[in-house]
Each structure stands twice: as C-alpha cells, then as structure tokens.
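Asker: The task is simple: from the sequences and hints, build the whole structure.
So the sequences go chain by chain: A and B.
Offset between the first sequence (1-based) and the numbering used here: plus 1.
Offset between the second sequence (1-based) and the numbering used here: plus 36.
It is possible that part of the hints are untrue.
What the hints assert, rightly or not - Calculated from the model, a selection of chain A residues having no Cβ within reach of chain B, i.e. all distances over 10 Å:
| id | residue |
| --- | --- |
| 1 | GLY61 |
| 2 | PRO63 |
| 3 | ALA110 |
| 4 | GLU156 |
| 5 | GLU166 |
| 6 | LEU192 |
| 7 | ALA267 |
| 8 | GLU272 |
| 9 | SER340 |
Claimed, not checked - DMTMM-like cross-link-like pairs, simulated, lysine to aspartate or glutamate; straight-line CA separation at most 25 Å:
| id | chain 1 | residue 1 | chain 2 | residue 2 |
| --- | --- | --- | --- | --- |
| 10 | A | LYS326 | B | GLU97 |
| 11 | A | LYS212 | B | GLU88 |
| 12 | A | LYS204 | B | GLU88 |
| 13 | A | LYS326 | B | ASP108 |
| 14 | A | LYS208 | A | GLU322 |
| 15 | A | LYS161 | B | ASP108 |
| 16 | A | LYS270 | A | GLU260 |
Said to hold, decoys possible - With the C-beta cut set under 7 Å, the calculated list includes, among others, these residues of chain A facing chain B:
| id | residue |
| --- | --- |
| 17 | ASP14 |
| 18 | GLN57 |
| 19 | LEU58 |
| 20 | TYR102 |
| 21 | VAL118 |
| 22 | ILE169 |
| 23 | ALA172 |
| 24 | SER197 |
| 25 | ALA201 |
| 26 | THR231 |
| 27 | LEU304 |
| 28 | ILE341 |
| 29 | LEU344 |
| 30 | VAL346 |
By construction, these hints were calculated from the structure, which means they are not laboratory data.
Glycine included, each C-beta is placed from N, C-alpha and C at the ideal position.
The primary structure of each chain is shown beneath.
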Amino acid sequence: MAAWVAKQRYLIDYTVASLLRRKGKNLGLLVVYTLLIFMLASVMLFSHAVRREAAQLLEGAPEVVVQRMVAGRHDLVPGDYLEKMGRIRGVQAQRGRLWGYYYDPVVFANYTFMVPVAEAPQAGHIAIGEGIARARRAGPGDVISFRSYSGRLFELTVDKVLPAESEIVSADLVLLSESDFRAFFGIAPNLYTDISLRVANPKEVRKVAQKIADELPDARPILREEILRTYESIFSWREGIVLVLLAGAILAFAILAWEKAAGLSAEEKREIGILKAIGWETSDVIKMKFWEGALISLAAFLLGYAAAYLHIFRFSAAFLEPVLKGWSVLYPHFDLAPSIDGLQVATLFFFTVFPYTVATIVPIWRAAITDPDAVMRA
Amino acid sequence: MKPPGNRAGNAAFALLAVALAAFAATWLDAAVSRDRAAARTAANRELVAALELTDLCLFTEARYTRHPSQADLHTAFQDHPRALEHFPSGSLLPPPAILTEHHGRLGR
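Answerer: As structure tokens, this is what we get:
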C-alpha cells in the first residue's frame, strides 16, 4: 500500500511539474473551468435557496384565494360573494382583500398598494416597504404624494417603514387604510380585489375550491398548494435563462473537452514518446494523465463552488442582480438563508469533473499504446 | 530512493487542501447561518400570514411577475392576443402551474 501511495505521489510530482512547464495554458484552463463552475453553481445555489425560502415563507399564505374573472381578466369581486362563500361547508373565515398596483412616475417604479387585515394605518397615513423608502428616500414622518388614476393628488404620511429583513416579501408594499384605498382607486364600498378563505381542515381545501367553482362559475379559486407549486418551479432548469445559461456552459465545456479529446499537441506526444522510451509503462502514462485531469478539474470544482457560495450568500448574488432585476426599478435587497442541496452538488460534480477527466485520458491512451518511436517522430 | 524535499506535488496538495477546506467551510457555514436565519424567516412568515401575502417580491416590473401565482389565464398575451412576452423576468419565470395543468378551465 505504502509503495502504491509513494508511486502515485511520484506520478503527481511529475504531473504537476509537467503542468507547470505549460503554465500559461494550464492556468488559463483552470481559470476558465473555475469560472464555468462558479456560474453554474451560483445559479444552482440561488435557485435552490429561493425555492426553499418561498416554500417556508408562503406557508403563511391564505389557503384559498378566490378571484373573479370577466372576459379572461381579473375583475372586482362583489361583496355578496363573501356571504355566498361563507355558506360553503368547511370555510372557517372569509375576507375581502383590497390590493392593487400603482405606477409611480416619480421614480418609474411599480408599487403594490394593500389594505392590511389588521392594524391598518389611519386615513392619511401609510406604512411602506424598505424598497420604496429607498427609492423615494422617505422615512417615518415624511409625506409622499401619489396622483390617483382620477387625477387627484393624495398626500400620505409615512408612519413606519417595514423591516428591512422582510424585503423579500414587502419591498414594494404600501399599506394604507381601506377608505384611502377605495378613494385612491375609485373602488365602490362593496367591491373587493379578491377573497381569501381559511379552511379549517386541510383535507377539505380541494373540495371547498370545487364547490366554489360549481356555485360561482365566474370565480377562480387559487389554492395555497398551487402558489407553492408556482414557486417550486421558479428558476427551474427547464426554463428560460437558466436553460440558456446551462446550454451555453455545456456547449463551452463540450468544446473544451473535444479540444482535449480530439488530439494532443506535438509537444505532448513527444513527451509521451520519451516517457515510454525511458521505460514508463502505458498504465503509468495513463495514470499520470488521470492525475492531470483530476487535479485540474477537482481544483476548479472546489474553488468555483466555494466562490459561488460566497457570491450568493455573502455578497447577495451581486453578479446575478442585473439579470434578476430586468426592467424593475424596485429590487429587493435580501439575504437568503444558506441552503445546499447535496444531490445538486453531486450532479454538478459528476457532470463537470467526470467528463473532463475522461476526456483527458482517452487521447493519451491512444498515444500511449502506439510505438514510442512513431509517437516521437509524428 | 529518498524523495526530494521540495516536491512539486506538495504545492498541488496544499492548493487542493485549501480548496477542500473552503468547500467544507461552505457546508459548515450553511448549517450555522441557517439557524441564525431561522428567526428572520419566522418573522417574515408571520408577516406573510398577517398581510395574507401570496407571492415573493422578486420582480416588480410587471403585475404577472410581481404576483406570478395570481396571474390571469392570458398572462402571456396580456396586451393583445399575439403579443409575445417582453419583460426580461418573464424569461426567468415559468408560467404558473395552474396555467399549464388545467386546460379545461380556460373557459373560466
């Protein structure tokens, strides 16, 4: 065993010395390889952490939200729907929700106006999310003016700014009183944006939704499990930019591996020829090249992955921000709770380290089984 | 034969050891930070329940990216029947599961 270890160490010594002879090329390869893994691991860690965060946070979402559809679009829900839904067995509580969107031409941002269930601000007062506070440079005691869709200017005093730690759910929220909301959007007293339902028995949720759909054909119930499923598939590998990124990275990697597998440089061939001529066995040459592939790919994987972890969980995914931000003006600043999916890491390892190592060995094996003299003369 | 003192492999092992330590440190850090983040998550979950929120505030550029779970059934064609998706975050978000699973309900 000790002899085997000693032999491997000599082989590694030789491999490293050989790598250092082509320092520029191999260092460049290591950097590109590390960057590739950094990029893939960043997206992977971010999407997993967001999905996990969403699943934990949205456990508190209403069990059922009922919208009313008119001509394929949302419409306001009449108050008598509340009473009709209250009569459905299994519904513990029902509440008309009031919320809507407002485009603020001052900072070119979209806000979500909402009337909270409890502890609503007094008329003329609001509570705002940290994102809005940042965009409008407003704090408690400041007055913010919003021009309503009827053209009337509303001056609202900021009572409080929602905690910065809650930005992932509240960055764009403006919480206001029911009277202000109705006056601002011109919504009649007996109309609501949608209805939230509490169902006592979780097993009855689907049944309740079915009854609502049967009794109120224009109603569209959205279950909490559907909300959670929406976020489970967010940033899924099948979707948009993740697929583009993945496809690009895999193609780049395929080119890299192909370049390695398609042929050796004359210098590398001569090196193998000399090694064989001085008595190295074919298996030794292959082992030496295995160590070359393994050292580079392992170092790239470990460094790229650790850098991606720091990027996502210590530097708030700074490089992904422009992609995630899109055209949004308000972008929440949030720290994700670090979470690592072992299976994902193993998959990344298998699809990056393994093919590269194999791609390094195959051409060497081809060169190593030929006659040293022919290899050296080639 | 005694190996030379200044072996090239040692430097490679040192680099790998550092990289491996960094890799291991991420798992350790994740475990420690998760406990610390638990209080923040609990507070945010309470806020979600208190305000009856349905979505994360990730993309504020369009209403169906701000509240993907509440998007209407014609989101992708919201402006006119042949309009294509034009918000960048639309390429990050899949259509809500309810849009792709219940074709029979499109009439509602």
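Asker: Hint check: LYS208 of chain A vs GLU322 of chain A, CA-CA at most 25 Å. Holds or violated?
Answerer: 41 Å, violated
Asker: Measure nothing beyond the straight line between the CA atoms of LYS212 of chain A and GLU88 of chain B; if it is 25 Å or shorter, mark the hint as holding.
Answerer: 22 Å, holds
Asker: Compute the least Cβ-Cβ separation between GLU272 of chain A and chain B, then decide whether it is above 10 Å.
Answerer: 16 Å, holds
Asker: Closer than 7 Å between Cβ atoms is the bar; does VAL118 of chain A clear it against chain B? Give me holds or violated.
Answerer: Holds: closest Cβ of chain B sits about 6 Å from VAL118 of chain A, inside 7 Å.
Asker: Hey, does LEU192 of chain A actually stay past 10 Å from chain B on C-beta?
Answerer: Per Cβ check, LEU192 of chain A is outside 10 Å of chain B; nearest 17 Å; holds.
Asker: Could you check that no beta carbon of chain B comes within 10 Å of the beta carbon of ALA110 of chain A?
Answerer: 7 Å, violated
Asker: Does the claim that GLU156 of chain A lies off the interface hold, with its Cβ farther than 10 Å from every Cβ of chain B?
Answerer: About 23 Å separates GLU156 of chain A from the closest Cβ of chain B, which puts it past 10 Å; holds.
Asker: Holds or violated: is there a CB of chain B closer than 7 Å to the CB of GLN57 of chain A?
Answerer: 5 Å, holds
Asker: Given LEU304 of chain A as an interface hint, is its Cβ closer than 7 Å to any Cβ of chain B?
Answerer: Interface hint status for LEU304 of chain A: holds (5 Å vs cutoff 7 Å).
Asker: Run the C-beta distances from PRO63 of chain A to all of chain B and say if the shortest one exceeds 10 Å.
Answerer: 5 Å, violated
Asker: Check the non-interface label on ALA267 of chain A: least C-beta distance to chain B beyond 10 Å or not.
Answerer: 24 Å, holds
Asker: Do the alpha carbons of LYS326 of chain A and ASP108 of chain B lie within 25 Å of each other, as the hint requires?
Answerer: 22 Å, holds
When the structure is compared with the earlier hints, violations turn up for hints 1, 2, 3, 5, 9, 14, 15, 25, 29, 30 and for no others.
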